[in-house]
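> All chains should be built: construct the whole structure from the sequences, respecting the hints.
So the chains spell out like this:
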Amino acid sequence: MRREIPLIITFVVGVAFVIQYFIPHSPFDRFEQLFSDWFFIIAACAIWLGALNLMKLSLIKIQKRRKDWQYAVVIVVSWLTMAIAGFAGGRDFQTPGTAFDWLYQYIYTPLSATMFAILAFFVASASYRAFRARNLQASLLLVAGFLVMMGRVLFDDILFGRLFENFQPLADVSNFIMNYPNMAGQRAIMIGIALGIVSTALRIILGIERSYLGGGD
Amino acid sequence: MHFDLGVWIGAFLTLGIISFLYKDNPWYKICEAIFVGISAGYWIASLFWQNLVSKLYDNLAPAIVALFHGQIQYNLLYLVAGILGIMMLLRLIPQIGWISRWPLALVVGATAGLQFINYLVSNGVKQIYNTIVPVFGPVSDAGGIPPVATTGEGIGNVIILIGTFTGLVYFFFSKEHKGLFGGAAKVGTWFLMITFGASFGYTVMSRMSLLIGRIDFLVNDWIRGTFG
Amino acid sequence: MILRYLAALLLLLLLFVPVVGATVADEDFVDSLAVDTLMLARDAARPAPASDVVAKDTPNDNGGSIQIRWSPSSDDAAGKVFRYDVERKVAGSADETFEVVGSTPAGVGAVTDNHAKSGIEYVYRVVAINTMPPSAGIGEPTLVQSYSSLSKSVIASAQWFNTRRTIVLIFALVLGALIIYYISQAKAGKELFIRKIAGLEAVDEAVGRATEMGKKIFYIPGTQDMENIQTIAGVNILGRVAKLAAEYETDLDVPVSRSLVMVTAREIVKEAYLNAGRPDAFNEDMVHYLTDDQFGYAAAIDGMVVREQPATMFYMGAFYAESLILAETGNSIGAIQIAGTAMPAQLPFFVAACDYTLIGEELFAASAYLAKEPKLLGSLKGQDVGKGLILIVILIGVIIQTLGVYDFASLFSVPVD
Amino acid sequence: MGFWNTMLAVDRRWIFLLVFLSLLIPMFLGVTFKLSISPEVQTLYDTLEQLPNGSTVLMTFDYDPPSAPELQPMADAAVKYAFKRDFKLIIMGLWPQGPLQAEISVREAMKDPEIQARNLEYGVDYVNLGFQAGNEFVIQRMGTDFREAFPRDIRGTDYSEVPLLKNTKNFSNVDFVFNFSAGYPGTVEWVQIAVDRFGVKLGAGNTAVQAPLAYPYLGAGQLVGLLGGMRGGAEFERLTGFKAKATTFMLSQTFAHAIVIVFVILGNIAYFVTRKKEQ
Chain A
73 MRREIPLIIT FVVGVAFVIQ YFIPHSPFDR FEQLFSDWFF IIAACAIWLG
123 ALNLMKLSLI KIQKRRKDWQ YAVVIVVSWL TMAIAGFAGG RDFQTPGTAF
173 DWLYQYIYTP LSATMFAILA FFVASASYRA FRARNLQASL LLVAGFLVMM
223 GRVLFDDILF GRLFENFQPL ADVSNFIMNY PNMAGQRAIM IGIALGIVST
273 ALRIILGIER SYLGGGD
Chain B
49 MHFDLGVWIG AFLTLGIISF LYKDNPWYKI CEAIFVGISA GYWIASLFWQ
99 NLVSKLYDNL APAIVALFHG QIQYNLLYLV AGILGIMMLL RLIPQIGWIS
149 RWPLALVVGA TAGLQFINYL VSNGVKQIYN TIVPVFGPVS DAGGIPPVAT
199 TGEGIGNVII LIGTFTGLVY FFFSKEHKGL FGGAAKVGTW FLMITFGASF
249 GYTVMSRMSL LIGRIDFLVN DWIRGTFG
Chain C
178 MILRYLAALL LLLLLFVPVV GATVADEDFV DSLAVDTLML ARDAARPAPA
228 SDVVAKDTPN DNGGSIQIRW SPSSDDAAGK VFRYDVERKV AGSADETFEV
278 VGSTPAGVGA VTDNHAKSGI EYVYRVVAIN TMPPSAGIGE PTLVQSYSSL
328 SKSVIASAQW FNTRRTIVLI FALVLGALII YYISQAKAGK ELFIRKIAGL
378 EAVDEAVGRA TEMGKKIFYI PGTQDMENIQ TIAGVNILGR VAKLAAEYET
428 DLDVPVSRSL VMVTAREIVK EAYLNAGRPD AFNEDMVHYL TDDQFGYAAA
478 IDGMVVREQP ATMFYMGAFY AESLILAETG NSIGAIQIAG TAMPAQLPFF
528 VAACDYTLIG EELFAASAYL AKEPKLLGSL KGQDVGKGLI LIVILIGVII
578 QTLGVYDFAS LFSVPVD
Chain D
50 MGFWNTMLAV DRRWIFLLVF LSLLIPMFLG VTFKLSISPE VQTLYDTLEQ
100 LPNGSTVLMT FDYDPPSAPE LQPMADAAVK YAFKRDFKLI IMGLWPQGPL
150 QAEISVREAM KDPEIQARNL EYGVDYVNLG FQAGNEFVIQ RMGTDFREAF
200 PRDIRGTDYS EVPLLKNTKN FSNVDFVFNF SAGYPGTVEW VQIAVDRFGV
250 KLGAGNTAVQ APLAYPYLGA GQLVGLLGGM RGGAEFERLT GFKAKATTFM
300 LSQTFAHAIV IVFVILGNIA YFVTRKKEQ
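Protein chains in written order, with our numbering: chain A, 73 to 289; chain B, 49 to 276; chain C, 178 to 594; chain D, 50 to 328.
Hint data in this document are derived by calculation from the structure and do not stem from the laboratory. All residues carry an ideal CB built from backbone N, CA and C; glycine is no exception. A couple of the hints might just be wrong.
[Claimed, not checked] Chain C stretches covered by chain A per the calculated footprint, using a threshold of three residues with CB under 8 Å from any CB of chain A: (1) 332-338; (2) 342-353.
[What the hints assert, rightly or not] Taking lysine-lysine pairs in the DSSO-like style, the calculated list, with each CA pair at most 30 Å apart, reads: (3) D:Lys160 - C:Lys294; (4) C:Lys364 - B:Lys226; (5) D:Lys218 - C:Lys294; (6) C:Lys373 - B:Lys223; (7) D:Lys250 - B:Lys174; (8) C:Lys549 - C:Lys392; (9) D:Lys83 - C:Lys266.
[To be verified] To give an idea of the chain B side of the interface with chain A (calculated C-beta under 7 Å), a few residues: (10) Ile82; (11) Gly133; (12) Arg255.
Structure follows, in structure tokens:
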């Protein structure tokens, strides 16, 4: 029973969400929005499981004085600070001037912006390694990447801008690659993904792929 | 000299994260721990107010009030969502934790159903539609098909056709990549490589901008703001 | 041209009215001449009524909507129409008041009334309206209007099938039938050939290497939640990898960024350890939550990677910009990396930084491939036949389109609402 | 040959350092480029110019701090421009952190002495509706009634009690929508719902990664204009006359690109030279 009922739920809900697309009549017309809301509600409950897990592991680390336990203290303290500021702030917890907003502006923002920014370094080092003409395939990768990169910056303006009006050969080549060969590859990938998802979704709805439900007990 | 606590904290955290690029160190570890704690706290508070309160309470409470006045409203359905959420939390009690499979089954079922359709439409049928274009001409105008504007566009259309075709051949799983079929699959991989190269080259600029933003913060907000 | 004459005419009238000294606002003092002038002006400005008003239920919708079309007033082209108002009332009701439900500028002959109640019979009429500039006594521009005859009565209703989506239904049925057919074939014991997928062949070796080196395996099931099917594919593959890890007795670490994924992944890993005959080696905290935040999660993983130096890293699921942050850090410590995603924008980064990358469809085939269960493999065969059909459709389509005799592509258009 | 072998196995931290320097040094040079203006930026600006003073403009901030370096400069310029033209500004976000980014732009604009002199008042001249979860469904709801999607503004005031919103029921009361977008939900959703179903006039600012997805809508007229990435921001700054960060940063960006390109070339030479030697 512990496995059958979930399988039945998956089947019924899965089929219902496939056919709702074709049926404009109520109640099917409301399914998509309703699921979006329900999912957000379930996820908002579930996040407590994750947060408690994070706290549990951090506290164990501190208690057992494992390596780097001091940083676990930092995790616990900063989690509590942010969560308390958020809950105490009430509905308007994000209003400028609140404690939550201050933490957001001066701690959260620089951290996430910097983490995103170090991508610039990684893009540089990855392209140094990957853009190398080892064989035909790698050469195609290199040439396409190189040409598109050249067309994206001011090189046209610098190299040709003073000579000719509206002469942008690098940008033109770059656009051609983006619009045709790149588009072709993207389409093949996209159509393949559509087939893969259709097949995976069917396996899930039919209960053939059921490992996400775990074991029988 | 002008001291701004927020800016100094920002600079401390920014440099801490960047220091990781040299090697792992206590400074980075502190920043990482702060980041994990602060962001986990941020999301739990946000989801509480924006999902549980805004979506569950605000929809359900008026419906329940109306129920006491004898009206049955559509929004009473949110009660089910509330119950499913609580079922999820029952994970915390190991003996009845299995009940959390119900909401999970609902989420997985709905996702499978929705994405089956969404991808079939936007990644499947629409892409097929976009690919079916004349490569030149068209010969007759009986069908009212818009003509191919330039030779460049015609060549481009042929490239798209070949690339899409051979690319899809590459994805065949149940046929060995040998002979003509294997040749087509090989051409398909060439197109995939060009695609990867082009998308990669395309993003380099965008990523550089992000780093410029942080360097600007360090140079202008922090150093010039404090000392200059 | 005509507009200019009209304007001149109105201007003349305007000059004329004060000369006569009439005050229209105060009706008691209006002398007959002024009234006549005003009437004249009104008649001159009044447009001919719109005609042929047709109201019909909006097709393919959930009810509550009626489409109204009409032929424009014969004065429309001459610029004598300022706008059209569409009015409705309940058919046959004694109440003769009409309610405005929409309006359009001149030159437009269609409006959709989205506030009709399903099941109620309505009639519509269209009002052609022109403006008259302010004249003496009337401080504001006045409106002159003429009414069309009533439309036939109409009822808004909801439909049970959206005919514009028929092509999608055909695709869904054909692909579904193919996949189910080949699954049943496989179930019946028919041999199926599946070609080698390099990235998946390498899974064994990658797990084996971690065992030899005595180091951990990191498995990252994407950074999105369970409402993304790539995540579901990612956790399904996790089941296969976890079973291998259990058999090889290698440590597995699954840090996740969503709580629902944590719950699901735990079930899967537990089951895998059970199937491998090592339930005792399973520990719930092998699967642990870090933070929902995209970059907070990436920062934490980066730290874990350089500190714990895993021998093998898997990235299977949906990723955004964090893909390269993770994969470059994994690359820098020399881990074997196998990635798989259906996010086209992130594929190039995985290709650049990982040893093997499952591209799009391969991610969804992976769980079936690794499980080697006939039922699952059958679905791959079904997919392939579907792919073959699509290739044929595209080829035929391009030929017909190039010949130009018939717009074949239009069969595949799915109009937006 | 030693040099090329070293190049091939170069520690990636050297690359990091050079990228960092190539971005840093141009900031002190103070050189700016005279940028040519792309047509899609020009049309966006022209459309804004044609709006009468005092028009109602909705700005939707659909991004978060990590994407701010690309989008904040254009948002800053747009908010300043709106205030100078006395536009009634309604701010919202489909990303949780978007409306907070808008607050940064507003704060930045208030530093401008000319804008300060106008004594703009919250709730009368501009309002921030905050964030609402639900992605494209929020836009859908706004089509009927803004208040249904945003019962309260970011400060918790009831929609009906904000003076600026008294006469704003839905999109038909808005003259222009300006969307700053870093992904989903963003420009694509605004086009598909707000433009296609409710007929709003829409201009957009996108990250460089997102911009190509929006280009088809420009051609079809569903978007009046588009600012793509930092370069789009720089061009918009030049047109509005609020030259700020995007303009000064274009040089850094070009330098960094050059460094990457040089590295790729050197890497390939090293690869061929060392391979030849092995043979």
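> If a hint holds in the structure, say so; if it doesn't, say that too.
Hint check results:
As drawn, the stretch 332-338 of chain C meets chain A at 4 residues by the rule of a beta-carbon pair under 8 Å; at three or more, the given contact holds. Three residues within the 8 Å Cβ limit are the bar, and the stretch 342-353 of chain C against chain A gives 6, so the coverage statement holds. With a CA separation close to 52 Å, the supplied pair lysine 160 of chain D and lysine 294 of chain C exceeds the 30 Å bound. A hinted pair counts as satisfied when its Cα atoms are at most 30 Å apart, and lysine 364 of chain C with lysine 226 of chain B qualifies at roughly 28 Å.
This hinted pair checks out: lysine 218 of chain D and lysine 294 of chain C have alpha carbons roughly 22 Å apart, not beyond 30 Å. The suggested pairing of lysine 373 of chain C with lysine 223 of chain B holds, with an alpha-carbon distance near 10 Å, which does not exceed 30 Å. Taking the CA atoms of lysine 250 of chain D and lysine 174 of chain B, the gap is about 26 Å. The hint holds against a cut of 30 Å. For the proposed pair lysine 549 of chain C and lysine 392 of chain C, the alpha carbon gap of about 27 Å is at most 30 Å, so the pair holds.
For the hint pairing lysine 83 of chain D with lysine 266 of chain C, the CA-to-CA distance comes to about 62 Å; that exceeds 30 Å, so the pair is violated. A cut of 7 Å between beta carbons decides the hint on isoleucine 82 of chain B: the least distance to chain A is about 5 Å, and the hint holds. Hint status for glycine 133 of chain B relative to chain A: holds, with the closest Cβ pair at about 3 Å, below 7 Å. Hint status for arginine 255 of chain B: holds, given a least beta-carbon distance of 5 Å to chain A, under 7 Å.
When the structure is compared with the earlier hints, violations turn up for hints 3 and 9 and for no others.
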